[in-house]
Amino acid sequence: MSIEAKKIEQDDALLALIKKMVETPGPSGQEQLIRAAILEEIQGSADEIHTDAMGNLIARKGSKQPNGLRIMISAHMDEIGLMVTHVDEDGFVRFISIGGVSPLTCIGGRVIFMNGQRGVIGCERLEPNALPTLEKLFIDVGATSREDCPVKVGDVCGFDRPFLDLGKHLVAKSMDNRISVVVAIAALRALQASPHEVYFVFSVQEEVGLRGSATAAYGVDPDVGLAVDVTRTGDTPRTTKMEVALDKGPAVKVRDSSFIADPRVVDWMVATAKAADIPYQMEVLEAGGTDGRSIQLARAGVPAGCLSIPCRYIHSPSEMVSRIDVENAIRLLVELISHEVKLG
Amino acid sequence: MSSQKQPSITTPPEVGSAQVDLLARLCNAMAVSGDEQEVRQIVLDEIQPYCDQVEVDGLGNVLATRLGSQAQKVRVMIAAHMDEIGFMLTNDEGEGLFSFETVGGIDPRQLVGKAVIVGREHTPAVIGAKPIHLTTAEERKKALKVEELRIDLGPEGSSKAKVGDRATFATQLEALGPSIRAKALDNRLGVINLIELLRHAPENIDLLAAFTVQEEVGLRGARVAAYRFDPQIGMAIDATPAHDLPAYDADVENTRYNTKLDHGPAIYLMDGATISDRRLAEWLMQTAEAEGIPYQIRQPNPGGTDAGAIHRARAGVPSISVSVPVRYAHSAASLIRQEDWANTLKLVYHALTRLTPEILS
Chain V
65 MSIEAKKIEQ DDALLALIKK MVETPGPSGQ EQLIRAAILE EIQGSADEIH TDAMGNLIAR
125 KGSKQPNGLR IMISAHMDEI GLMVTHVDED GFVRFISIGG VSPLTCIGGR VIFMNGQRGV
185 IGCERLEPNA LPTLEKLFID VGATSREDCP VKVGDVCGFD RPFLDLGKHL VAKSMDNRIS
245 VVVAIAALRA LQASPHEVYF VFSVQEEVGL RGSATAAYGV DPDVGLAVDV TRTGDTPRTT
305 KMEVALDKGP AVKVRDSSFI ADPRVVDWMV ATAKAADIPY QMEVLEAGGT DGRSIQLARA
365 GVPAGCLSIP CRYIHSPSEM VSRIDVENAI RLLVELISHE VKLG
Chain E
4 MSSQKQPSIT TPPEVGSAQV DLLARLCNAM AVSGDEQEVR QIVLDEIQPY CDQVEVDGLG
64 NVLATRLGSQ AQKVRVMIAA HMDEIGFMLT NDEGEGLFSF ETVGGIDPRQ LVGKAVIVGR
124 EHTPAVIGAK PIHLTTAEER KKALKVEELR IDLGPEGSSK AKVGDRATFA TQLEALGPSI
184 RAKALDNRLG VINLIELLRH APENIDLLAA FTVQEEVGLR GARVAAYRFD PQIGMAIDAT
244 PAHDLPAYDA DVENTRYNTK LDHGPAIYLM DGATISDRRL AEWLMQTAEA EGIPYQIRQP
304 NPGGTDAGAI HRARAGVPSI SVSVPVRYAH SAASLIRQED WANTLKLVYH ALTRLTPEIL
364 S
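So the protein lines, in turn, are chains V and E. Going by the working numbering, 261 is the number at position 197 of the first sequence; the sequence numbering is gapless. Going by the working numbering, 153 is the number at position 150 of the second sequence; the sequence numbering is gapless.
There's no promise every hint is true.
Claimed, not checked - Straight-line alpha carbon distances no greater than 30 Å define the calculated DSS-like cross-link-like pairs of lysine-lysine that follow: (1) K70(V) to K338(V); (2) K263(E) to K200(V); (3) K84(V) to K71(V); (4) K232(V) to K216(V); (5) K232(V) to K305(V); (6) K83(V) to K128(V); (7) K305(V) to K71(V); (8) K263(E) to K216(V); (9) K133(E) to K117(E); (10) K312(V) to K128(V); (11) K76(E) to K200(V); (12) K133(E) to K200(V).
It is worth saying that the hints were derived from the structure and are not from the lab. This structure is a prediction, so every number in the text was calculated from the model and none was measured.
Starting from the given sequences, assemble the full structure and let the hints guide the process.
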């Protein structure tokens with residue numbers, strides 16, 4: 065096989081993995097399907113895999129050598145979604161959000177329930193120029209009464225939108241954070257000789273408050289931790305200013321509104337990217353939180369940081385990332401955990 | 004350590020006049036978050052004979068352990084918070100008038116004109132405001148802010164109270180036919196239910212009972228209690244608002260009631276602090292169906308219970324909450340149905356008797 069042909073085959077495999085990860089539903093608290101899908105992909109690549117009490121999928125690779133560390137990589141596998149609060153007498157379904165859902169991106173959207181039932185989101189009549197709130201919205205599942213409605217209070221749905229390949233850029237409803245799940249899976253598979261004991265955590269319930277990674281970090285008890293997550297960009301028309309753009313490489317988080325990355329971890333990430341000649345960007349995110357916070361605050365404290373994948377339109381049904389950024393994020397993550405780490 | 008543990012009562016717990024009397028003592032007591040001494044003392048007196056071990060931890064939680072006798076046991080932590088919402092005196096302005104802050108979630112619109120009790124001596128006082136004779140129509144359109152209100156203890160008040168003292172509503176519990184009206188039903192109902200569960204604890208579990216402090220200010224007591232107990236399963240038993248009144252805006256359906264009175268215990272699937280473990284939700288629903296106990300799913304909504312702290316303890320604890328529906332929660336007078344209370348106690352008891360380690364596999 066020519067080098068060219070091999071590259072195309074690898075690309076196709078990566079795209080297939082992304083498609084599978086982003087199209088599997090898994091709102092916070094309902095991670096069973098996405099957990100099974102990830103397990104399928106990592107079985108055989110890890111030395112030990114278990115699911116903890118909260119539902120985090122934890123895969124260990126390697127064991128700690130004298131010059132190695134116990135490193136926790138956390139990519140949350142949950143996504144935002146909706147939960148049913150009430151079914152009215154005409155069969156319309158009222159709901160509450162799971163994680164940060166904007167009413168603006170809901171109207172006209174489609175959802176898929178964990179039992180496979182699909183539905184569309186409608187809106188009550190609004191006052192002129194009024195913005196919708198979630199209370200004004202409802203899901204129409206095609207029912208005509210409370211009795212024939214196929215969903216009930218407490219049932220959960222995710223947004224329903226197929227994967228879209230635009231060439232350089234890739235679009236899906238759950239790039240946040242399945243693209244990081246893909247990065248972690250690819251790094252786990254690619255990791256060869258390493259002095260470290262690396263725990264790849266596919267965490268639950270990040271979107272509702274970084275909950276899964278908190279208990280996972282307690283269980284893993286790492287020497288250093290890295291979250292892998294998406295971050296917003298400032299490269300679209302008339303948007304809020306931010307020094308991160310698509311196609312310019314994975315981002316090294318300095319801070320977000322949930323934590324300040326350990327400067328030693330930031331230095332380690334920058335030095336590694338430079339040494340391996342991988343493009344990178346520095347990230348200061350003014351609003352948003354990641355698993356980095358919960359790892360940092362676990363037990364007596366852990367040096368922690370975050371490797372970010374730049375992403376447009378976060379928490380909308382069409383989140384967009386750059387394919388080259390994804391490939392470089394995988395390279396950078398593998399580099400980070402392959403060599404001896406000396407923090408400051 | 005008590006070496007004289009009384010054997011568990013083997014019949015299911017019930018709600019009778021003895022329980023209503025104990026609930027009255029618990030509700031009439033004052034235990035505003037951070038000073039739960041009064042309720043803690045009642046709890047300690049009631050549970051001591053039935054426990055293998057009782058301690059009061061560093062934050063003031065009562066941590067009681069009642070070990071089961073069977074070989075295959077599940078370590079279950081059940082938390083009921085002892086504290087209630089209320090007030091703290093912040094400034095002595097002379098002549099018995101004190102400015103105050105609210106403790107926990109209180110709607111200031113509910114405060115004007117309420118009789119209150121202040122401090123460990125329960126000194127009677129009132130939250131006063133300018134009477135209607137002297138107010139203008141314009142003034143009456145605006146809700147008074149807490150900063151504009153004072154607690155009035157009378158001219159000798161300054162000698163009876165001091166800055167930092169707690170205060171709460173003066174309401175005394177009353178049984179009203181099928182209902183009960185009292186302050187602090189959130190969460191003395193959980194407290195009395197947990198006392199009853201200790202007395203009737205089944206032998207297939209180690210019951211780790213946490214009567215917690217400071218829930219109303221952010222689930223603080225439960226956090227350290229769960230760390231100490233390190234349980235396999237966590238459950239908060241609490242009270243949750245019922246807003247099951249007709250919608251006030253004409254003929255549309257009330258779609259946001261949270262829970263309804265007379266519909267039985269409210270099982271949680273999600274609130275602002277916890278996504279319940281679905282295995283535990285199934286276990287409770289199956290128990291209710293098998294025992295013929297009515298139940299309702301609490302509408303997934305914001306709000307939180309001690310489960311929010313328990314499930315995040317250490318490496319994680321599968322957790323859930325069950326509440327008694329309460330109308331007018333966090334006010335001077337809330338209202339419940341005795342039947343909902345009894346069914347909540349019954350549901351948790353029967354669920355515990357059916358619990359096996361396989362639930363987590």
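Review point. Which of the stated hints cannot be reconciled with the structure, identified by number in ascending sequence?
Key: 4, 6, 7, 10, 11, 12
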